[in-house]
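There are 2 protein chains.
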Amino acid sequence: MTTRREALGLFGTAAGAALLGSCFGTGAQADDGAKAAGFPWPYHKLDPDAVAERAYKGFLTGHCMYGSFYGIIGELADKYGAPYNSFPFMMMKIGAGGVADWASLCGALNGPALAISLLSSEPKPLVDELFNWYQIEPLPDYKPKQKVRVDITTKTVSHSPLCHASVSRWCEKANVKAFSLERDERCAWLTASCARKTVELLNAQADGAFKAAFPIPKEVQECRSCHDKGSALEDTRGKMECGTCHFELGTQHPIIERKKI
Amino acid sequence: MTTRREALGLFGTAAGAALLGSCFGTGAQADDGAKAAGFPWPYHKLDPDAVAERAYKGFLTGHCMYGSFYGIIGELADKYGAPYNSFPFMMMKIGAGGVADWASLCGALNGPALAISLLSSEPKPLVDELFNWYQIEPLPDYKPKQKVRVDITTKTVSHSPLCHASVSRWCEKANVKAFSLERDERCAWLTASCARKTVELLNAQADGAFKAAFPIPKEVQECRSCHDKGSALEDTRGKMECGTCHFELGTQHPIIERKKI
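Listed in order, the protein sequences are those of chains S and C.
Take -2 as the starting number for the first sequence in this note's numbering and just add one per residue.
Take -2 as the starting number for the second sequence in this note's numbering and just add one per residue.
This is chain S alone, in the form it adopts within the complex (with noise of 0.2 Å):
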C-alpha cells in the first residue's frame, strides 16, 4: 500500500511533467469478435424535448445516469415497446452523483454514453461530440416545460466532464451549498440537457447528417501534438482538458507559462 507521502511526492510540484509525462490509453482497437445478433439495437427518431422531460422526471426518480438512459431508452420503450422495455433500467441508479457519489464521470454523461452504445452502429463521434459539447458549453441549456421545484438562473461551463468539477463550478458560481435543492435541481436540468443533446446527435446521424461541431479543444490538441499517439512522446490518450487538472506544468515541461495564459 503506498502512503499518501509517496502519492503527493509523485504529484507534487512538478505534478505536470509527472502526469503527462507517463502515459495511458486502450492501445489498438480489438477486432470485434463479440458482434451479436441484433445489436445495436434499432433507433427510432425521438422528439428532443420529449426525452428532455422525461429525463427530467426520471432524475426526480433515480438521479441523473438513470434520468438520462431512462429519459432516451425509456421513450423508446413507451413508443415501441420490445427490445426496450426489456432493459432493467433501475441498474442506472448506481451513477448518481459520478458513480456512487465519487464524483467521477458525471452521470448525465455516463447514461447517454451507454444509451448511444446501445443504439448506434458508430457510437464513438457522438460521444466525442457530446462530452466536448459538455466540457465548453454553459449548462444547464435547457428549463423543463413542467413544473419545476425552484427556478435555476446559473450556468457555469464544466471544463471537464468528470462530476466534481462540473458541480463545483456550478455550486461556486451560484453561490450555494452542496447539498441544497438548487444544486440538485441544476442536475436535474443538466440530466435533461444532456440527454436532449444526446438525441439530437443520434437523430443527426439517423438522417445522415451528423457533423462534429465541438472538436477536441485547441489546448487539448496542442497537449496531444507531444503526447498522443504517433508524436514525440506517444505517452497519453485522453481529451479531457488537460488543463482542470494540470494547472501547475512542472520546471521540466517546456511549457509551464501555460498557467498564465
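It should be emphasised that the hints constitute simulated quantities derived from the structure, not laboratory data.
Even for Gly, the Cβ is constructed at its ideal location relative to N, Cα and C.
Among these hints, one or two may not hold up.
Cβ pair distances, simulated, as ranges [unchecked claim]:
| id | chain 1 | residue 1 | chain 2 | residue 2 | range |
| --- | --- | --- | --- | --- | --- |
| 1 | S | 204 | C | 46 | 47 to 55 Å |
| 2 | S | 170 | C | 46 | 44 to 52 Å |
| 3 | S | 204 | C | 145 | 41 to 49 Å |
| 4 | C | 144 | S | 209 | 21 to 29 Å |
| 5 | S | 203 | C | 227 | 43 to 51 Å |
| 6 | C | 146 | S | 147 | 25 to 33 Å |
| 7 | C | 146 | S | 212 | 28 to 36 Å |
| 8 | S | 76 | C | 34 | 16 to 24 Å |
| 9 | S | 210 | C | 78 | 40 to 48 Å |
| 10 | C | 83 | S | 118 | 35 to 43 Å |
| 11 | C | 135 | S | 150 | 26 to 34 Å |
On the provided structure of chain S, position chain C as indicated by the hints.
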C-alpha cells in the same frame, strides 16, 4: 463559451482553494419511486477465478468495461440463462479507456459498478469498497491462468478511480508507452482483478458476511471534515483521493503544507 484563459484563471495558483472551496454532490437521496418488479436480478454465488478468466477474455474482445461486466453477468448467463442472457452486453464496449478514450472513470470500475447495481439490493457499500480498494491496492493483483500475450510484473497504486491517473502511474513505473502491448495487457489483467474482487464482494454480501476493509482514506476524511455534509463549509461530496489533483492547495487554505507531507 468560456475560454481556456478563464478556465486556468479559476484553476490557477489558488486551485485547491477554488475547487475545494466550491461544492458538488447528488443531494439527498430521491425516494425510490422507480422500484421495478424483478429488480435487482437475483445473485447466485460465483467462482471469482472463473469470473476473472472470463473478464480477461472479454477484455480481448471488448476492452475493460465490457470485459469486467461480461465476466460477471456473462458467467451468470452461462450458468443460469435468463434474465442474464438477455442483457445487451455489447453496449458496455463504449466504456473502454475511461469511456470512449476520454480517460475518465476506469472501465474496470464502471462495468463492475453497474453489475453490482444490477445484482444487489444494497449496492453502494460494495461499490465504495471496490473503488476504495482500487485506489489504494497495488494492481493488477491477478495473473490469468490462460495463455497471456505478454508477462506483466509491474503493480501500481492508482490513488484514483480515473483511467488517466491509473494508467499513467503504471506506464511510468513500467517504463512503457501508452500504445504498447504491455499497457494493453496490464489493463486486461486489471479487468480480471476488478471482476474477481467484485465477485468476492458479492459473495460476501450474499453470505451476510460483507464487511468493508478499505475505508475512505484518512487524508480524504480529513478533507471531508471541513467540506462534507454537516461540516463548516458543507461544500463537497466525493471519495476520490483529493491530493491526486489538488497537489497545490493555495495560500488561502489552512493546510498549504500538505503537499510537503
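Cross-check of the supplied hints:
| no. | hint | verdict |
| --- | --- | --- |
| 1 | S:204 - C:46: 47 to 55 Å | holds (48 Å) |
| 2 | S:170 - C:46: 44 to 52 Å | holds (50 Å) |
| 3 | S:204 - C:145: 41 to 49 Å | holds (45 Å) |
| 4 | C:144 - S:209: 21 to 29 Å | violated (40 Å) |
| 5 | S:203 - C:227: 43 to 51 Å | holds (48 Å) |
| 6 | C:146 - S:147: 25 to 33 Å | violated (54 Å) |
| 7 | C:146 - S:212: 28 to 36 Å | holds (34 Å) |
| 8 | S:76 - C:34: 16 to 24 Å | holds (21 Å) |
| 9 | S:210 - C:78: 40 to 48 Å | holds (45 Å) |
| 10 | C:83 - S:118: 35 to 43 Å | violated (20 Å) |
| 11 | C:135 - S:150: 26 to 34 Å | violated (48 Å) |
Taken one by one, the earlier hints fail for this structure at numbers 4, 6, 10 and 11, listed in ascending order.
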